[in-house]
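Enquirer: Top to bottom, those sequences are chains A and B. In terms of our numbering, the first sequence has 350 at position 350, counting the first letter as 1, and numbering is strictly consecutive. In terms of our numbering, the second sequence has 27 at position 27, counting the first letter as 1, and numbering is strictly consecutive.
Hints should not be assumed to be uniformly reliable.
[Said to hold, decoys possible] Derived DEER-like restraints, expressed as beta-carbon distance ranges:
1. B:G235 with A:P73: 38 to 46 Å
2. A:P355 with B:E126: 38 to 46 Å
3. B:L125 with A:D279: 52 to 60 Å
4. A:E156 with B:E12: 44 to 52 Å
5. A:V178 with B:T279: 52 to 60 Å
6. A:D3 with B:E126: 32 to 40 Å
7. A:R251 with B:G235: 44 to 52 Å
8. B:L382 with A:P73: 50 to 58 Å
Keep in mind that the hints were calculated from the coordinates and are not lab data. For each residue, glycine too, the CB sits at the ideal point set by N, CA and C.
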Amino acid sequence: MTDERLERYAEIAVRVGANVQPGQEAFVNSLVEHAPVARALTRQAYRAGAAYVSVVYSDVHPHMHRAMLELAPDEALTYTPPWLKTLGESFDGQALLSTLGDPEPGLSAALDDERVGRAVMRDYMEIRHRQHNAHSVNWCGIGAPTAGWAQSIYGEPDVERLWNEIAFCMRLDEEDPVDAWRRHLDRLDARGEALTGLRPDALRYRGPGTDLTVGLLATARWRSARFRTAGGVEYVANMPTEEIFTTPDPRRAEGTIRSSMPLVHKGQLIRGLELTLRDGRIVGVDAEQGADVVRGHMETVENADRFGELALVTGESRVGQTGTTFFNTLFDENATCHIAYGAGLPYPFEGEPDPAMNVANVHVDFMVGGPDLEVDALLADGSAVPLIRNESWQLD
Amino acid sequence: MAAPVVTGERLERYAEVVVRVGANVQPGQEVFLYTNVEHAPLARALARQAYRAGASYVNVLHVDNHVRRAMIELGPDEALTYSPEWMKDFVRCAEGGAVIATTGDPEPELLADLDGERVGRARTLEANEIARRITSAKAVQWTVVASPGPGWAKQVFGEPDVERLWQQVAFCMRLDEDDPVGAWRQHLARLDARAAALNELRPDALLYRGPGTDLTVGLLPAARWVSVGFRTAGGTEYVANMPSEEIFTSPDPLRADGTVRSTLPLALGGQIVVGLELTLEGGRIVRVDAERGADVVRSEVATDDGASRLGELSLVTGDSRVGRSGTLFYDTLFDENATCHIAYGFGVPDAFDEDPGDDLNVSNVHTDFMVGGPELEVDALLSDESTVPLIRNEEWQLT
Numbered sequence: 001m002t003d004e005r006l007e008r009y010a011e012i013a014v015r016v017g018a019n020v021q022p023g024q025e026a027f028v029n030s031l032v033e034h035a036p037v038a039r040a041l042t043r044q045a046y047r048a049g050a051a052y053v054s055v056v057y058s059d060v061h062p063h064m065h066r067a068m069l070e071l072a073p074d075e076a077l078t079y080t081p082p083w084l085k086t087l088g089e090s091f092d093g094q095a096l097l098s099t100l101g102d103p104e105p106g107l108s109a110a111l112d113d114e115r116v117g118r119a120v121m122r123d124y125m126e127i128r129h130r131q132h133n134a135h136s137v138n139w140c141g142i143g144a145p146t147a148g149w150a151q152s153i154y155g156e157p158d159v160e161r162l163w164n165e166i167a168f169c170m171r172l173d174e175e176d177p178v179d180a181w182r183r184h185l186d187r188l189d190a191r192g193e194a195l196t197g198l199r200p201d202a203l204r205y206r207g208p209g210t211d212l213t214v215g216l217l218a219t220a221r222w223r224s225a226r227f228r229t230a231g232g233v234e235y236v237a238n239m240p241t242e243e244i245f246t247t248p249d250p251r252r253a254e255g256t257i258r259s260s261m262p263l264v265h266k267g268q269l270i271r272g273l274e275l276t277l278r279d280g281r282i283v284g285v286d287a288e289q290g291a292d293v294v295r296g297h298m299e300t301v302e303n304a305d306r307f308g309e310l311a312l313v314t315g316e317s318r319v320g321q322t323g324t325t326f327f328n329t330l331f332d333e334n335a336t337c338h339i340a341y342g343a344g345l346p347y348p349f350e351g352e353p354d355p356a357m358n359v360a361n362v363h364v365d366f367m368v369g370g371p372d373l374e375v376d377a378l379l380a381d382g383s384a385v386p387l388i389r390n391e392s393w394q395l396d
Numbered sequence: 001m002a003a004p005v006v007t008g009e010r011l012e013r014y015a016e017v018v019v020r021v022g023a024n025v026q027p028g029q030e031v032f033l034y035t036n037v038e039h040a041p042l043a044r045a046l047a048r049q050a051y052r053a054g055a056s057y058v059n060v061l062h063v064d065n066h067v068r069r070a071m072i073e074l075g076p077d078e079a080l081t082y083s084p085e086w087m088k089d090f091v092r093c094a095e096g097g098a099v100i101a102t103t104g105d106p107e108p109e110l111l112a113d114l115d116g117e118r119v120g121r122a123r124t125l126e127a128n129e130i131a132r133r134i135t136s137a138k139a140v141q142w143t144v145v146a147s148p149g150p151g152w153a154k155q156v157f158g159e160p161d162v163e164r165l166w167q168q169v170a171f172c173m174r175l176d177e178d179d180p181v182g183a184w185r186q187h188l189a190r191l192d193a194r195a196a197a198l199n200e201l202r203p204d205a206l207l208y209r210g211p212g213t214d215l216t217v218g219l220l221p222a223a224r225w226v227s228v229g230f231r232t233a234g235g236t237e238y239v240a241n242m243p244s245e246e247i248f249t250s251p252d253p254l255r256a257d258g259t260v261r262s263t264l265p266l267a268l269g270g271q272i273v274v275g276l277e278l279t280l281e282g283g284r285i286v287r288v289d290a291e292r293g294a295d296v297v298r299s300e301v302a303t304d305d306g307a308s309r310l311g312e313l314s315l316v317t318g319d320s321r322v323g324r325s326g327t328l329f330y331d332t333l334f335d336e337n338a339t340c341h342i343a344y345g346f347g348v349p350d351a352f353d354e355d356p357g358d359d360l361n362v363s364n365v366h367t368d369f370m371v372g373g374p375e376l377e378v379d380a381l382l383s384d385e386s387t388v389p390l391i392r393n394e395e396w397q398l399t
């Protein structure tokens, strides 16, 4: 249980990711199957000086979720129990670590897609949105390898292989992973500053099945996932991370976009997603698989039909280098360029988010990058500046 | 994680008895599961059965003894007795709902190498206080049941024979009966009749005699003998422990004198207590001895004033299904139903019809230890100083 790699992994998540401060409370949101990782995070958080570590396994447990989806009354689908609201509120000023990685992919695949799409813990999500806006929590999401997750990737439950890939993505092979992460994030931030410096008015995506222009907000910067709380604690919200991202103008998006990788949302596989946008709104949803989940969001979640995030990732991404489709957004969104519909992210803004930022109770990332995707910045004077060609960054 | 996946009919049948008889979940009620993380397969079955019974929502809180270990080993002193707000709220939310908790320690020796004093001190004081208030107000249907797993099976049989443990648990839970729900109703009626006969005697005290034991414990006129077939203030019946073979009461916390020796080992705070011997004077435990694990008991007894006084007397006879299994389960839920037991610490609110006031011993701990066996003699002492035999040779004497 005190496997050295596991402790090293947890240490990076605690020290670089959430950056747990002495005297802070730490919260670990986890799944039952992730217990080994949750326990290691707990140990490392106490070693970092945490005053108390709460591990909560109940959040949106896939099996519990399935029992609820199948058997519970309608009202249960969007219900947040008061104690979970209290839990959410408790994150303010404290550290939060979440473990990700579906231990039983496809578990809810046989269920009513409409109910799956509708099951969103609304009040809890609102608390988390407020905290994102207030920059009040130093948080980090990391992967937790399991047999089920490995099975969905490799066709066999090769957990060791998954661990090796994750360790590579997490730079655990570096002699000093903490320093390697600092240099890596410096590089991404430099990229973000160069792009922000262009003051682009829009981004244009072109590729197979894709011809899309998305308007940008003058107030939103491009940046890495290295954030800082209002209280001044620096943290890395996702590990691994290879992206620079921004929050686009939800009122301006025209064209069509095709996803280039499958994505898994709440245990449901969505493959070959194609969206059509007009005046910033998603007006058409097609997919080879799982279209109903996306349509469920569009129909029942306010503002789910507008974009909340654009992210640029290039070919030197360690996640991309693995060549693996992880069927997990945390990893796959760092393999290649992606876009999210739903909630905008407050992080690109100095101070308060732009009033135009999209507000929604979902945020779903889908991957659009690949060798054939061309991304350009469109400037106010009508000129275009190439950003990505052949998965390489063009703006150095 | 290598949690054993026990699926299928037996698990669902078990969960159904727990939901329908134990917690007696009512349509529209919220359900609160409080289980070890290793007990997830049972928790999932309980969630399914609770929704089938009409639950409006099933909340689950998985506790993890490895997280607890990290806290005791690596956390600051203040963490030991801290209750996070969300945890207090989880307990508070259960008011008016149904609570199902599980036992069956996944790793019974997990905390054995830690400082016994810190292990004994580690408890979520404020959350426990809220739970006690809600239970005392009879504002919740609650039940405790077991979840078999390899760690527990290894402790019981010396090998991780989960299937064998499941069979024993199923036997104790009467799952072999055609109609387990009906069988449970009959069984509880028999225990209630036994309790009624003892209450009829209006005993002033109980006298225990056996090897290493000579103890007299005073009884309270206001406290009845009861089974675990309880009823909420709102009138919903529930069964607080499953299995259950006992009748029990809340004794006078001010009257207990003599010595008592435990007859079975006791799993406590991740440690095993063997050969526990308590000496009592004027209702108070004045001396704690044990062949093993005395420190964790001493630490518990020192938690608060009520911890050093008795909170429960319980009578179990040889026809107990747990006793007949012949198995030492190293789990209080089962072992206390194999044979007579006594608890120090918090009393039994359900033994009182009215507000018990000072009659109820109040404490943050409630620890049962087993005292029964073939050689134990239990007598009721009446107020005219006559004695009435209650148990001889593990048989009930009062028909």
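Enquirer: All the hints need checking, so say for each whether the structure fits it.
Expert: Hints and how they fare:
no. : hint                           : in the structure
1   : B:G235 with A:P73: 38 to 46 Å  : violated, 24 Å
2   : A:P355 with B:E126: 38 to 46 Å : holds, 42 Å
3   : B:L125 with A:D279: 52 to 60 Å : holds, 58 Å
4   : A:E156 with B:E12: 44 to 52 Å  : violated, 30 Å
5   : A:V178 with B:T279: 52 to 60 Å : holds, 57 Å
6   : A:D3 with B:E126: 32 to 40 Å   : holds, 35 Å
7   : A:R251 with B:G235: 44 to 52 Å : violated, 58 Å
8   : B:L382 with A:P73: 50 to 58 Å  : holds, 55 Å
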